[in-house]
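First to last, the sequence lines map onto chains A and B.
Just so you know, we're using the numbering used here here: the first sequence kicks off at 1 and counts up by one.
Just so you know, we're using the numbering used here here: the second sequence kicks off at 1 and counts up by one.
Careful, some of the hints might be misleading.
[To be verified] Sample of chain B residues at the chain A side, in silico, Cβ under 8 Å:
hint	residue
1	Tyr-18
2	Arg-80
3	Ala-82
4	Ser-89
5	Leu-105
6	Glu-109
[Claimed, not checked] Subject to a maximum C-alpha distance of 27 Å in a straight line, what follows is the list of computed DSSO-like cross-link-like pairs (lysine-lysine):
hint	chain 1	residue 1	chain 2	residue 2
7	A	Lys-175	A	Lys-208
8	A	Lys-107	A	Lys-15
9	A	Lys-149	A	Lys-107
10	A	Lys-282	B	Lys-86
11	A	Lys-282	B	Lys-143
12	B	Lys-86	A	Lys-364
13	B	Lys-232	B	Lys-86
14	A	Lys-15	A	Lys-282
15	A	Lys-15	B	Lys-198
Rather than coming from a laboratory, the hints here were simulated on the basis of the structure.
Quick caveat, the model's predicted, so the values are computed rather than measured.
Even for Gly, the Cβ is constructed at its ideal location relative to N, Cα and C.
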Amino acid sequence: MYRLALRMLTRDTGKYLALVVGLTFATLLITQQGSIFLGLIKRSTGVLQNVGQPDLWVCDPRVQTVLEIRNMSDRDFERVRTVPGVAWAEPFFSSRATVELTDGSYKTAQLIGVDRSTLVGQPPEVLVGSLDDLRAPDAIMVDESSRSKLAYPEIGDTLKLNDRRAVVVGICRAKLGFDSNAMIYTTFDNARRFTPLGREKIPFILVKTQEGADVPTVASSIRERTGLGAWTRDEMEWLSTRFILTQTGIGINFGTTVLLGFIVGLAVTAAIFYQFTIENLKHFAVLKAMGTRNGVLVRMVMLQAITVGAIGFGIGSGLAGLFSLQGRRPGAELAPYLPWQLLLMCMAGMLVCIVVGSILSIRKVVRLEPAVVFK
Amino acid sequence: MSANNGGALHLRGVKKTYGVGENAVRALRGIDLDVPSSQLVMLVGPSGCGKTTLVSILSGVLDADEGSVEVFGVDWRALRSAEATKRRSELMGFVFQSFNLIPTLNVVENTSVPLLVRGLGERAAQRRAAELLIEVGLGDRLKSMPGELSGGQQQRVAIARALVGKPRLLVCDEPTAALDGRTGQRIMELIQSAARGKDEAGRDRVVVVVTHDNRIFHYADRIIEMEDGRLKPTLSQHVLEESHHVPTFDPADTITQK
Chain A
1 MYRLALRMLT RDTGKYLALV VGLTFATLLI TQQGSIFLGL IKRSTGVLQN
51 VGQPDLWVCD PRVQTVLEIR NMSDRDFERV RTVPGVAWAE PFFSSRATVE
101 LTDGSYKTAQ LIGVDRSTLV GQPPEVLVGS LDDLRAPDAI MVDESSRSKL
151 AYPEIGDTLK LNDRRAVVVG ICRAKLGFDS NAMIYTTFDN ARRFTPLGRE
201 KIPFILVKTQ EGADVPTVAS SIRERTGLGA WTRDEMEWLS TRFILTQTGI
251 GINFGTTVLL GFIVGLAVTA AIFYQFTIEN LKHFAVLKAM GTRNGVLVRM
301 VMLQAITVGA IGFGIGSGLA GLFSLQGRRP GAELAPYLPW QLLLMCMAGM
351 LVCIVVGSIL SIRKVVRLEP AVVFK
Chain B
1 MSANNGGALH LRGVKKTYGV GENAVRALRG IDLDVPSSQL VMLVGPSGCG
51 KTTLVSILSG VLDADEGSVE VFGVDWRALR SAEATKRRSE LMGFVFQSFN
101 LIPTLNVVEN TSVPLLVRGL GERAAQRRAA ELLIEVGLGD RLKSMPGELS
151 GGQQQRVAIA RALVGKPRLL VCDEPTAALD GRTGQRIMEL IQSAARGKDE
201 AGRDRVVVVV THDNRIFHYA DRIIEMEDGR LKPTLSQHVL EESHHVPTFD
251 PADTITQK
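Using the sequences provided together with the hints, build the complete structure.
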């Protein structure tokens with residue numbers, strides 16, 4: 001009987017395709033909207049993701065996001081270095097800067113400054129040129145995907161950063177930040193020259209703990225001894241994410257859109273399958289009149305639901321995956337992020353809706369008077 | 001237990017009302033009926049007289065409000081729903097006016113459904129279905145879909161489906177209504193032959209045909225006319241004329257009316 005159920009499903013080509021396409025787009029809608037939302041949130045921590053070496057990020061305790069800058073003093077920097085358990089600490093610069101292009105137009109860029117001697121916080125990947133060249137005066141490295149925003153500068157070209165001369169010495173690859181501004185690397189000293197910040201000049205201090213030291217304990221010591229904030233990268237990411245979600249309109253505005261996408265997608269899923277079963281009610285009545293038990297009919301409907309749900313979800317999530325890959329291309333403005341948790345959540349939601357749609361229609365099947373076959 | 005005096009179908013005081021209050025429709029007003037085995041019985045009468053309700057109750061797909069309904073000793077009203085469903089799969093075969101074939105299953109799959117319902121394996125069920133389809137002249141259309149067949153062919157598939165489980169009671173609801181005269185005659189020959197056949201255990205069976213089609217009255221062993229939820233004691237003149245002296249019923253004998 002279950003094979004018959006599958007044949008009843010798949011051989012009604014028009015309805016079957018409508019079901020699959022409907023469920024595919026419901027999945028795509030849910031996962032795509034969700035992945036864009038998560039991608040945007042993740043982009044808010046792009047600067048953090050480019051820096052792999054340190055265990056702790058130290059900053060002003062009032063900082064709520066990596067996008068916000070409250071500078072610390074050289075004295076703060078020295079105090080952090082002396083906290084027990086700290087192996088090394090290096091300054092890290094992150095701020096916006098204005099780039100004047102050769103055609104006279106302006107662009108905003110995210111300027112990252114790394115320690116000149118250790119290069120801690122360096123770009124994750126250098127594509128053209130050498131990291132050593134970054135130590136030269138006025139040297140900058142431009143992120144590959146940012147070149148289009150800066151009129152495709154080549155090595156040796158000169159840009160104006162906050163009205164100061166900057167020479168391109170390399171092309172690197174890094175993750176963009178929340179606002180997708182062009183990403184430019186330089187040394188900490190150069191960065192301070194490009195972007196004077198007043199008396200206190202250090203936005204972040206990157207800290208590596210000594211081998212065997214307990215990272216949370218060291219973070220706690222830094223907080224106690226210096227009065228500064230000290231966070232692991234994960235904590236800093238969560239801090240930034242929470243800021244975006246709660247302190248900007250993005251959480252409520254985009255969240256509402258995503259939620260609507262979820263509701264519409266799931267409602268469509270339930271409605272499509274409900275309609276399919278209702279349209280087959282007459283056939284179920286014939287089977288019932290012939291002596292098919294309610295339990296068998298229920299399992300037939302559930303099998304149809306799960307089959308079509310799995311196919312729709314598979315194709316939909318596959319398309320969402322392709323969409324996500326497209327967004328990973330260098331220079332892509334889209335920021336989809338499709339973690340397995342989102343797929344799992346989408347699958348669970350789809351399953352719930354298909355089951356709800358099935359249960360609603362199954363109730364009709366179970367209550368169906370087989371006598372309708374004579375009408 | 002059974003008060004059946006050897007009859008295949010035994011109904012006493014069967015009543016059925018749809019709706020309540022002022023809107024109530026009394027579909028059956030007290031039917032007493034006995035039908036012996038090996039008979040092809042035709043149930044005739046105007047639309048709304050209760051024919052379909054009567055065969056629905058006979059088939060166990062509809063519950064009577066009052067009275068007793070026994071089909072080959074099975075008292076439908078005494079059975080729980082699940083048990084009635086199981087007994088239906090063993091006892092009953094159905095042929096419908098609109099064929100009611102499942103459009104997404106091919107001919108042999110449609111025909112094998114009653115056997116699958118009984119739990120037979122798909123391969124064995126399809127083998128038996130194919131044998132029967134060859135008998136009804138559809139051996140070359142086993143893999144065809146219902147939509148590719150003519151009305152007569154579809155009805156032959158429906159008859160094969162109804163007979164594949166070798167049921168004891170075959171209920172046919174207007175089996176020729178959607179067919180032209182010649183095809184209808186061929187279908188009735190098949191149904192008449194089924195009435196002479198045996199069930200799985202070699203026992204006689206009964207065929208009940210609900211019809212308006214006076215062209216097929218002569219196939220009946222017995223004609224029962226209904227009017228306003230009751231069995232008529234004597235056949236109407238036009239039924240008598242069309243029936244070509246088919247035995248009707250004697251109100252004092254096996255078929256009575258309250």
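Consistency of the hints with the structure:
1. Annotation: Tyr-18(B) was flagged as interfacial toward chain A, and the flag is violated, the nearest CB pair being 11 Å apart, outside 8 Å.
2. Hint status for Arg-80(B) relative to chain A: violated, with the closest Cβ pair at about 12 Å, above 8 Å.
3. Given the 8 Å rule on beta carbons, the hint for Ala-82(B) holds: about 6 Å separates it from the nearest Cβ of chain A.
4. Taken as an interface hint, Ser-89(B) checks out: its beta carbon lies about 2 Å from the nearest beta carbon of chain A, inside 8 Å.
5. Given hint, Leu-105(B) at the interface with chain A, holds; its Cβ is 6 Å from that chain's nearest Cβ, closer than 8 Å.
6. The restraint placing Glu-109(B) at the interface with chain A holds, with a minimum CB-CB distance near 7 Å, inside the 8 Å limit.
7. For the hint linking Lys-175(A) to Lys-208(A), the alpha-carbon distance of about 22 Å falls within 27 Å, and the restraint holds.
8. A hinted pair counts as satisfied when its Cα atoms are at most 27 Å apart, and Lys-107(A) with Lys-15(A) does not qualify at roughly 52 Å.
9. Only pairs whose Cα atoms come within 27 Å are accepted, and Lys-149(A) paired with Lys-107(A) is accepted, the gap being roughly 7 Å.
10. Proposed proximity of Lys-282(A) and Lys-86(B) is supported: the alpha carbons are some 20 Å apart, at most 27 Å.
11. For the hint linking Lys-282(A) to Lys-143(B), the alpha-carbon distance of about 23 Å falls within 27 Å, and the restraint holds.
12. Distance check on the hinted pair: Lys-86(B) and Lys-364(A) sit about 20 Å apart at the alpha-carbon level, within 27 Å; holds.
13. Of the supplied pair hints, the one linking Lys-232(B) and Lys-86(B) is violated, its CA atoms being roughly 33 Å apart against a limit of 27 Å.
14. Proximity of Lys-15(A) to Lys-282(A) is assessed by CA-CA distance (about 16 Å); at most 27 Å being required, the pair is judged to hold.
15. Between Lys-15(A) and Lys-198(B) the CA atoms are separated by roughly 41 Å; this puts the pair beyond 27 Å, and the hint is violated.
Of the numbered hints given earlier, the model fails hints 1, 2, 8, 13, 15; all others are met.
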